[in-house]
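With the sequences and hints as input, model every part of the structure.
Just so you know, the sequences run in chain order A and B. Its first residue numbered 41, the first sequence is counted upward by one per residue in this note's numbering. Its first residue numbered 41, the second sequence is counted upward by one per residue in this note's numbering.
Just so you know, these hints were derived from the structure itself, not from any lab. Heads up, a few of these hints could be off.
Subject to a maximum C-alpha distance of 25 Å in a straight line, what follows is the list of computed DSS-like cross-link-like pairs (lysine-lysine) [said to hold, decoys possible]:
{"no.": "1", "chain 1": "A", "residue 1": "LYS114", "chain 2": "B", "residue 2": "LYS235"}
{"no.": "2", "chain 1": "B", "residue 1": "LYS160", "chain 2": "A", "residue 2": "LYS114"}
{"no.": "3", "chain 1": "A", "residue 1": "LYS114", "chain 2": "B", "residue 2": "LYS229"}
{"no.": "4", "chain 1": "B", "residue 1": "LYS261", "chain 2": "A", "residue 2": "LYS261"}
{"no.": "5", "chain 1": "A", "residue 1": "LYS297", "chain 2": "B", "residue 2": "LYS160"}
{"no.": "6", "chain 1": "A", "residue 1": "LYS229", "chain 2": "B", "residue 2": "LYS160"}
Chain by chain, the residues run as shown.
Number of protein chains: 2
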Amino acid sequence: MTETLILALDAMGGDQAPDIVVEGAAIALLRHPGVRFRLHGDGGLLKPLVKAQRGLSDAAEIVHTDESVLMEDKPSEAVRRGRKTSMWLAIDDVRKGNAHVAVSAGNTGALMAMAKIQLKTMPNISRPAIAALWPTERGESVVLDLGANIATDGRQLVEFAILGEAYAIALGLPNPSVGLLNIGVEEVKGHDEIKAAAKVLRDSPLEMNYFGFVEGDDIAKGTVDVIVTDGFTGNIALKTAEGTARQFAHFLRLALKRSFWGRLGAFFAAGAFRALSAKMDPRSLNGGVFLGLNGLVVKSHGGTDGKGFASALDVAIDMAESDFKHSIEARLVELADLETNDPDSNVSQEVVAS
Amino acid sequence: MTETLILALDAMGGDQAPDIVVEGAAIALLRHPGVRFRLHGDGGLLKPLVKAQRGLSDAAEIVHTDESVLMEDKPSEAVRRGRKTSMWLAIDDVRKGNAHVAVSAGNTGALMAMAKIQLKTMPNISRPAIAALWPTERGESVVLDLGANIATDGRQLVEFAILGEAYAIALGLPNPSVGLLNIGVEEVKGHDEIKAAAKVLRDSPLEMNYFGFVEGDDIAKGTVDVIVTDGFTGNIALKTAEGTARQFAHFLRLALKRSFWGRLGAFFAAGAFRALSAKMDPRSLNGGVFLGLNGLVVKSHGGTDGKGFASALDVAIDMAESDFKHSIEARLVELADLETNDPDSNVSQEVVAS
Chain A
41 MTETLILALD AMGGDQAPDI VVEGAAIALL RHPGVRFRLH GDGGLLKPLV KAQRGLSDAA
101 EIVHTDESVL MEDKPSEAVR RGRKTSMWLA IDDVRKGNAH VAVSAGNTGA LMAMAKIQLK
161 TMPNISRPAI AALWPTERGE SVVLDLGANI ATDGRQLVEF AILGEAYAIA LGLPNPSVGL
221 LNIGVEEVKG HDEIKAAAKV LRDSPLEMNY FGFVEGDDIA KGTVDVIVTD GFTGNIALKT
281 AEGTARQFAH FLRLALKRSF WGRLGAFFAA GAFRALSAKM DPRSLNGGVF LGLNGLVVKS
341 HGGTDGKGFA SALDVAIDMA ESDFKHSIEA RLVELADLET NDPDSNVSQE VVAS
Chain B
41 MTETLILALD AMGGDQAPDI VVEGAAIALL RHPGVRFRLH GDGGLLKPLV KAQRGLSDAA
101 EIVHTDESVL MEDKPSEAVR RGRKTSMWLA IDDVRKGNAH VAVSAGNTGA LMAMAKIQLK
161 TMPNISRPAI AALWPTERGE SVVLDLGANI ATDGRQLVEF AILGEAYAIA LGLPNPSVGL
221 LNIGVEEVKG HDEIKAAAKV LRDSPLEMNY FGFVEGDDIA KGTVDVIVTD GFTGNIALKT
281 AEGTARQFAH FLRLALKRSF WGRLGAFFAA GAFRALSAKM DPRSLNGGVF LGLNGLVVKS
341 HGGTDGKGFA SALDVAIDMA ESDFKHSIEA RLVELADLET NDPDSNVSQE VVAS
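Below you can see the structure in the form of structure tokens.
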């Protein structure tokens, strides 16, 4: 990369902002010394925080604004009064070409609404989706949509497959396998929307590495590289998995505390437990990516710390350095050709007809 | 209980049937010495297995049949040729009053289809649901539907709340709290169907202990006693949680094996790990219950062993001993009154209108 990579940060987004944003930027700068930041937020708060981090002053420009989006704002409210907020201004940087990617740990709904208004959805994509990396037994898988769209038709699921595939390629997987999340692997199972999407992905000459249906437990197994689902199911699956991991850790602590031998074992195995919690730590895989927009926006967990925010910045940098937009566009051209030549494969129509 | 409790078992259902069924019956008999079994299946196979279990011969009657439902049968196929199958005959026992509850580890779709045909759905219930007990940090919660209905309207979600509440009461919880699974806890979130159901549960004089919306991670936390969702989401949440628990156990084993101190710690903490795996063991919480039918049917995991099948029998015995049918009927009368007096609260209409 010859051009300097610039990240626009919503410095006021997140439960612990702006501290975690500045801390995250400092951590990311150590890993990627060439990047530059534009920090949108309260200059009075930001200046001393940036100064306290060695080397960050030279890499970060503070763009002062008094306003910010609150976690409890409804997306519509945030958008209405939000054009001077740190979140809006960070996205605006991407729109104007002042930055390659915007990152925020703020209100997800507001961020998506503002991103849609400013960056617009890509041509031939109905709606953007939120994707994240899910830790699996075999590594990591891309899962989408995680909550941007609660109702999804077959055509949109195909679009999500295309977006997710491109994201996986951007992360370094050359020919990622793609599965549709369903309640069984047989062809007869599931919603009409899923069946319509499966037909296109299976029969079309898209040359996608389409695996077929996968079930809930296939996510953790890492059966496929990209798991496609609607935003309602994806959000509930993600939070259910987070809850289960926390529950397991809770039971493990209780079980080890209960006896002398358990406590002794825990003492000897402390290093192993640290390795385990690093592996299951949601902070190390932080960063939901908004896919399908004319510009890059990455969402960090609202409750994260500086380390977690730095992970979101890592994701943002990977995305900005990749060529994923072109691979999406190429796929969309294939899909459009397919629909023109074979009206039967128009999944939107199929869903309506069925 | 004065009457002898009789369980009708599909002795040929399950990957390891009939062995696990007979073994499970023997384990359950030790815990509940008064119960009696009617074992439907291949008499030639069953006789020696029953004889080998001390005391079981006196408590079990073998009802011979040559036919059984296969795991790969489609529900419609199973029903068409299935009237002599062990599964059909077990349910038929419940219909005829020869048994109080039927239990099968066979094909779920076929079992539900046969149960609906033979037992019929309860008056004022649109469709039956599958409920199970989910281990949580605070104990166990009832979750439904787990896959009987992939599309669900608001009225059905209210029915599921009533069915789940009654099941929790049958399990010994006097005033169970009920939550609707959603992608956020704010009132504006979610599908129209969920919003319509929330309105009835919140505003109606049903006097249900309605908590509100819960998210995916609330299941493991045990935030509420009964979690209500559609069968698509419920099935994916359940399998995602199972996958995550297995993944965590896998990572734990890997982390402990990696170093000498980890292995030493694991040696000392072996008892604690056994307690943990007992707690997360799906076999100890085996038994999905079909709710909303005029008769009791319990589904055991297909891949379970004798111990797991015995857990399903425990659930069946709890259900058969409870008065849950009457508490459902009382609730349904309340709901019908509500809909008559206040047409606005007719959730089915509301969904159509919105």
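Right, here's what the structure says about each hint:
Distance check on the hinted pair: LYS114/A and LYS235/B sit about 17 Å apart at the alpha-carbon level, within 25 Å; holds. Our distance criterion of 25 Å between C-alpha atoms is broken by LYS160/B and LYS114/A, whose separation comes to about 45 Å. Restraint check for LYS114/A and LYS229/B: the C-alpha separation of about 11 Å stays at or below 25 Å, so the hint holds. Note on LYS261/B and LYS261/A: the hinted pairing holds, with a Cα-Cα distance of about 23 Å set against a maximum of 25 Å.
Simply put, LYS297/A and LYS160/B have alpha-carbon atoms about 50 Å apart, too far for the 25 Å limit, and the pair is violated. Restraint check for LYS229/A and LYS160/B: satisfied, since their Cα atoms lie roughly 23 Å apart, inside the 25 Å limit.
Against the hints set out earlier in the document, violations occur for numbers 2, 5.
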